[in-house]
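Protein chains in written order, with our numbering: chain A, 1 to 112; chain B, 1001 to 1115.
Quick caveat, the hints were computed from the structure, so don't treat them as lab data. One or more of the hints may lead you astray.
As the list claims (entries may be wrong) - With a straight-line cut-off of 25 Å between C-alpha atoms, the simulated PhoX-like cross-links for lysine-lysine are:
hint, chain 1, residue 1, chain 2, residue 2
1, B, Lys1049, B, Lys1068
2, B, Lys1058, A, Lys57
3, B, Lys1058, B, Lys1068
4, A, Lys71, A, Lys9
5, B, Lys1068, A, Lys14
6, B, Lys1069, B, Lys1058
7, B, Lys1068, B, Lys1107
8, A, Lys96, A, Lys71
9, B, Lys1058, A, Lys96
10, A, Lys14, A, Lys71
11, B, Lys1049, B, Lys1107
12, B, Lys1058, A, Lys9
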Amino acid sequence: NAGVTQTPKFQVLKTGQSMTLQCAQDMNHNSMYWYRQDPGMGLRLIYYSASEGTTDKGEVPNGYNVSRLNKREFSLRLESAAPSQTSVYFCASTLKAYNEQFFGPGTRLTVL
Amino acid sequence: AQSVTQLGSHVSVSEGALVLLRCNYSSSVPPYLFWYVQYPNQGLQLLLKYTSAATLVKGINGFEAEFKKSETSFHLTKPSAHMSDAAEYFCAVSEYRGSNYKLTFGKGTLLTVNP
């Protein structure tokens, strides 16, 4: 099992460009999450999907959109990137929402 | 609202010394509690979890944590630090809010181990 995989690992964008971060899990988990990590801020939830076909906003959803493509895949889209979105993005998944989450290796995004 | 407080953004210990990382939470009901570790340039890895069974929870790499309801604390300890323990540690609390469980992270504690 690969667990949770994320692509790309690194990305540099110019202000205003768009991109999609991809996440996939092979553990047959129901719930998937997108977080951003900034120094001194811990992890903050952007969006989550409790089950296939549903998505909900987290703590910091502005400037992002998500798609739960199927049970395995959950993508995060930046329509018009801003320097404030420079961060490390983590995808996570869990079988049951109260259980521990399993994290991907992260995507380091820089917006110039 | 749920909140998690990790006391000390940076803790430094000598190799072989006791490691104590503090975590306090605010919750009206006993939550699910977790400690995660993050090594440089990696994702988060679960160290241990409390799910209302034993109050003393043992995790990987010799770490353990004790749930104290009266103190709303879930501090992480290890009797003897090793150089390989140098990493950032996050306390997290899962609580049912609205229509789903939400996981709230503390801001993290960076552990440095000195030779």
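Now the hints, each set against the structure:
As the CA atoms of Lys1049 (chain B) and Lys1068 (chain B) are separated by approximately 14 Å, the hinted pair is consistent with the 25 Å bound. A C-alpha spacing of about 34 Å is found between Lys1058 (chain B) and Lys57 (chain A), which places the hinted pair above 25 Å, so the restraint is violated. Straight-line distance between C-alpha atoms of Lys1058 (chain B) and Lys1068 (chain B) comes to about 15 Å, which keeps the hinted pair within the 25 Å bound. The hinted pair formed by Lys71 (chain A) and Lys9 (chain A) meets the criterion: a straight-line CA distance of about 22 Å does not exceed 25 Å.
With a C-alpha separation of about 48 Å, the suggested pairing of Lys1068 (chain B) with Lys14 (chain A) is violated against the 25 Å cut-off. The suggested pairing of Lys1069 (chain B) with Lys1058 (chain B) holds, with an alpha-carbon distance near 17 Å, which does not exceed 25 Å. Our distance criterion of 25 Å between C-alpha atoms is met by Lys1068 (chain B) and Lys1107 (chain B), whose separation comes to about 21 Å. Under the criterion of a C-alpha separation no larger than 25 Å, the hint pairing Lys96 (chain A) with Lys71 (chain A) is consistent with the structure, at around 14 Å.
Distance restraint check for Lys1058 (chain B) and Lys96 (chain A): the Cα-Cα separation of roughly 22 Å lies within the 25 Å cut-off, and the hinted pair is therefore satisfied. Proximity of Lys14 (chain A) to Lys71 (chain A) is assessed by CA-CA distance (about 32 Å); at most 25 Å being required, the pair is judged violated. A threshold of 25 Å between alpha carbons decides the hint, and for Lys1049 (chain B) with Lys1107 (chain B) the separation of about 18 Å falls inside it, so the pair holds. Pair hint Lys1058 (chain B) plus Lys9 (chain A) does not hold up; C-alpha atoms about 33 Å apart against a cutoff of 25 Å.
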